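Trainee: So the sequence lines, in the order shown, correspond to chains A and B. Quick note: the first sequence uses the working numbering, first residue 1, plus one each step. Quick note: the second sequence uses the working numbering, first residue 1001, plus one each step.
Please keep in mind that the hints were generated in silico from the structure rather than gathered at the bench. Accuracy of the hints is not assured; some may be wrong.
Said to hold, decoys possible - Computed Cβ-Cβ distance ranges for the label pairs, DEER-style:
#  : chain 1 : residue 1 : chain 2 : residue 2 : range
1  : B       : V1068     : A       : L463      : 43 to 49 Å
2  : A       : W161      : B       : A1019     : 24 to 30 Å
3  : B       : V1032     : A       : A122      : 19 to 25 Å
4  : B       : L1020     : A       : G430      : 45 to 51 Å
5  : A       : L283      : B       : G1028     : 38 to 44 Å
6  : B       : F1025     : A       : W428      : 31 to 37 Å
7  : A       : F464      : B       : F1025     : 53 to 59 Å
8  : A       : D466      : B       : A1019     : 48 to 54 Å
9  : A       : G106      : B       : R1060     : 26 to 32 Å
10 : A       : L463      : B       : I1059     : 49 to 55 Å
Stated by the list, open to error - Derived list of chain A stretches under chain B, where covered just means 3 residues or more per stretch with a C-beta under 8 Å from a C-beta of chain B:
#  : segment
11 : 33 to 47
12 : 222 to 236
13 : 279 to 286
14 : 385 to 392
These numbers come from a predicted model, not from an experiment. No residue lacks a Cβ here, since even glycine has one placed at the ideal position from N, Cα and C.
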Amino acid sequence: MTAGLQLGIIVGYLLVALVVGLVAYRATERTAEDFYLAGRTFGTVVLLFTVFATLLSAFTFFGGPDNAYSLGPEWILVMGLMDGVIFALLWYAIGYKQWLLGQRNGYVTLGEMLGDRFGSRALRGLIAGVSLFWLFPYVMLQQIGAGGAIEGLTDGTVPFWAGAALITAFMIAYVTLAGVRGIAWTDTLQGVFMLATVWAALAWVLVAVDGGIGAINQGLADSSPEMLALGGGAYTPQFILTFAISVAFGVAMFPQVNQRFFAARSEAVLKRSFALWPVLVLLLFVPAFLLGTWAAGLGIEADVAGGESVLPVVLAEYTPAWFAALVVAGAVAAMMSSSDSMLLSGSAYFTRDLYRPFLAGSVDERREDLLGRIGVAVFALAALAASVWAEAGGIGAATVGSLLVDIGDLAFGGFAQLALPVAIALYWRGTTRAGMFAGVLVPQLVYVGFNFLPETTVAGTTLFADAYLGWGVSLYAMALGALVTVAVSAATGRAPDEETDLYFGLGAD
Amino acid sequence: MVSNTERAGWVLAFAAIVALAVPWFLWGVDRVVAGLPVWLWWHIGWMGLAALAFRLFTIRAWGLGVTVDGGDRR
Chain A
1 MTAGLQLGII
11 VGYLLVALVV
21 GLVAYRATER
31 TAEDFYLAGR
41 TFGTVVLLFT
51 VFATLLSAFT
61 FFGGPDNAYS
71 LGPEWILVMG
81 LMDGVIFALL
91 WYAIGYKQWL
101 LGQRNGYVTL
111 GEMLGDRFGS
121 RALRGLIAGV
131 SLFWLFPYVM
141 LQQIGAGGAI
151 EGLTDGTVPF
161 WAGAALITAF
171 MIAYVTLAGV
181 RGIAWTDTLQ
191 GVFMLATVWA
201 ALAWVLVAVD
211 GGIGAINQGL
221 ADSSPEMLAL
231 GGGAYTPQFI
241 LTFAISVAFG
251 VAMFPQVNQR
261 FFAARSEAVL
271 KRSFALWPVL
281 VLLLFVPAFL
291 LGTWAAGLGI
301 EADVAGGESV
311 LPVVLAEYTP
321 AWFAALVVAG
331 AVAAMMSSSD
341 SMLLSGSAYF
351 TRDLYRPFLA
361 GSVDERREDL
371 LGRIGVAVFA
381 LAALAASVWA
391 EAGGIGAATV
401 GSLLVDIGDL
411 AFGGFAQLAL
421 PVAIALYWRG
431 TTRAGMFAGV
441 LVPQLVYVGF
451 NFLPETTVAG
461 TTLFADAYLG
471 WGVSLYAMAL
481 GALVTVAVSA
491 ATGRAPDEET
501 DLYFGLGAD
Chain B
1001 MVSNTERAGW
1011 VLAFAAIVAL
1021 AVPWFLWGVD
1031 RVVAGLPVWL
1041 WWHIGWMGLA
1051 ALAFRLFTIR
1061 AWGLGVTVDG
1071 GDRR
């Protein structure tokens, strides 16, 4: 009955999303700027929640609580530093400047903005190419997750490929119809809904447990006393900082987040969003992750290492079936909607920065709008084909398929490699085209190399490990990227058609 | 324009907000206050404080480091 209920809720969500999409379609002009950026008209609530939606991930509802359950609640601090503070500051330093430049010059993508400054179509294409390299497998992960969830909920009646295909078909219909306006509206509904349910879940467990919080803490003290102490076990300062820094910088360069930097209606919207952001982050992660830790204090058994998630187990134990189904289905729906945003941004990067400049030449607005919608379908179908093939174990799937899954898992660190060269370009006139090419390419190669090449010991030094002295390799690669950008820029002259002053002399409106 | 003193103050304030988002000085402390670890209370307070500081920044110094008239009070 629970599975039926969950399916019902997911289908209900899809129907609501479709209605929202139809309304958004009617409100949207047939131009690329409106399709991708809602004509730069987002108000505070919609902008906040559509960025917030990127936090409503599988990690927030499943992976994070599982970590809090097995390692302790310090993940709350990691997310607070990462999303609440560092990302907020990046939103100001990179995002606000991007917004000003977008207002002045009409940019829709990051690649476009950089290509214009450095007078280089190739740089524009490179930024899009690197982004799609990380985004494509990340979309696959969402499809694999959704297909698996539907297969699980129906006890295999709907097989994996059919579930994934169904979800993909829906996403294509929805995204091509709704554009970013509809996506942001559903993001807002979902964000409010998930915040309310996760707090309700916390309160419910607290009330349902005999002896309340005291009993839970007593249970923790008896079974795993180290859990309530800050740090210890897996949590070292290096571990905490590696995650917080590389994911925060990665989030800022994720296409669907970076594009939203362009979409605010006004400065007032940006100011309000900036000030409210840490509170929103706090409100989401504290209850979600506390539930995981409390599960440990309540003696809940969940085989986290074996892939089981603790949140559904603790909800099933202490809340009614309908409520547990509501939370779990809501989380799955939220995960699916993150894919919508990624698809749309993937299409924007592909059509605007690769297809149009390199293959199609100039096209008018209506045709570009159509191209964007076709791009969504192409991107989604390609990811679906790769997902089904990887999951079914087709020829070479065991290696290439698992390789793609690994790339998806590493996506945050991969995107993080873009952040420092971009920030340097935004704030240092001395940045040159050659500096940007080197600064983007070198850390990507290093990061990919260290993550995928087998560890090798040469003259007593281990090459290609994924961490050194406790610090993740993504941080070293980021530092290297900054260094290379500056060094190569300093050593090279500016190319003839660079516009050195393009990013400077910006006034507020 | 924001004075140089205030400019330096904001840089320091943001650095402090980042540096103490994790209460390193409570490392290893497992004291529980009102049902939650004391470091979690720090986190809750610190995020609130960060939000207030950001709000004050938007009122007093928005644009600092980004726009030419950055921090101009209008």
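Trainee: Compare the structure with each hint and give your call.
Mentor: Hints, one by one, checked against the model:
Judged by the Cβ atoms, the range 43 to 49 Å given for V1068(B) and L463(A) holds: they are separated by roughly 47 Å. Between W161(A) and A1019(B) the C-beta distance comes to about 49 Å, which lies outside the given range of 24 to 30 Å. Range check, V1032(B) to A122(A): Cβ separation about 58 Å, and the 19 to 25 Å hint is violated. Between L1020(B) and G430(A) the CB atoms are about 33 Å apart, so this pair departs from the stated range of 45 to 51 Å.
For L283(A) paired with G1028(B), a C-beta distance near 28 Å fails the hint of 38 to 44 Å. The beta-carbon spacing between F1025(B) and W428(A), approximately 35 Å, falls within the hinted interval of 31 to 37 Å. About 36 Å separates the C-beta atoms of F464(A) and F1025(B), a value inconsistent with the hinted range of 53 to 59 Å. A beta carbon spacing of about 26 Å between D466(A) and A1019(B) contradicts the range 48 to 54 Å that was offered as a hint.
For the hinted restraint 26 to 32 Å between G106(A) and R1060(B), the CB-CB distance of approximately 31 Å keeps it satisfied. In this structure the hint that L463(A) and I1059(B) lie 49 to 55 Å apart at CB holds, the actual value being about 51 Å. Given as covered by chain B, the segment 33 to 47 of chain A fails the check, having 0 residues with a CB less than 8 Å from a CB of that chain where 3 are the minimum. For the segment 222 to 236 of chain A, the proposed coverage by chain B is satisfied: 7 residues have a C-beta within less than 8 Å of a C-beta in that chain, meeting the threshold of three.
Given a C-beta distance limit of less than 8 Å, the hint that chain B covers the segment 279 to 286 of chain A holds, as 4 residues qualify and 3 suffice. Three residues within the 8 Å Cβ limit are the bar, and the segment 385 to 392 of chain A against chain B gives 0, so the coverage statement is violated.
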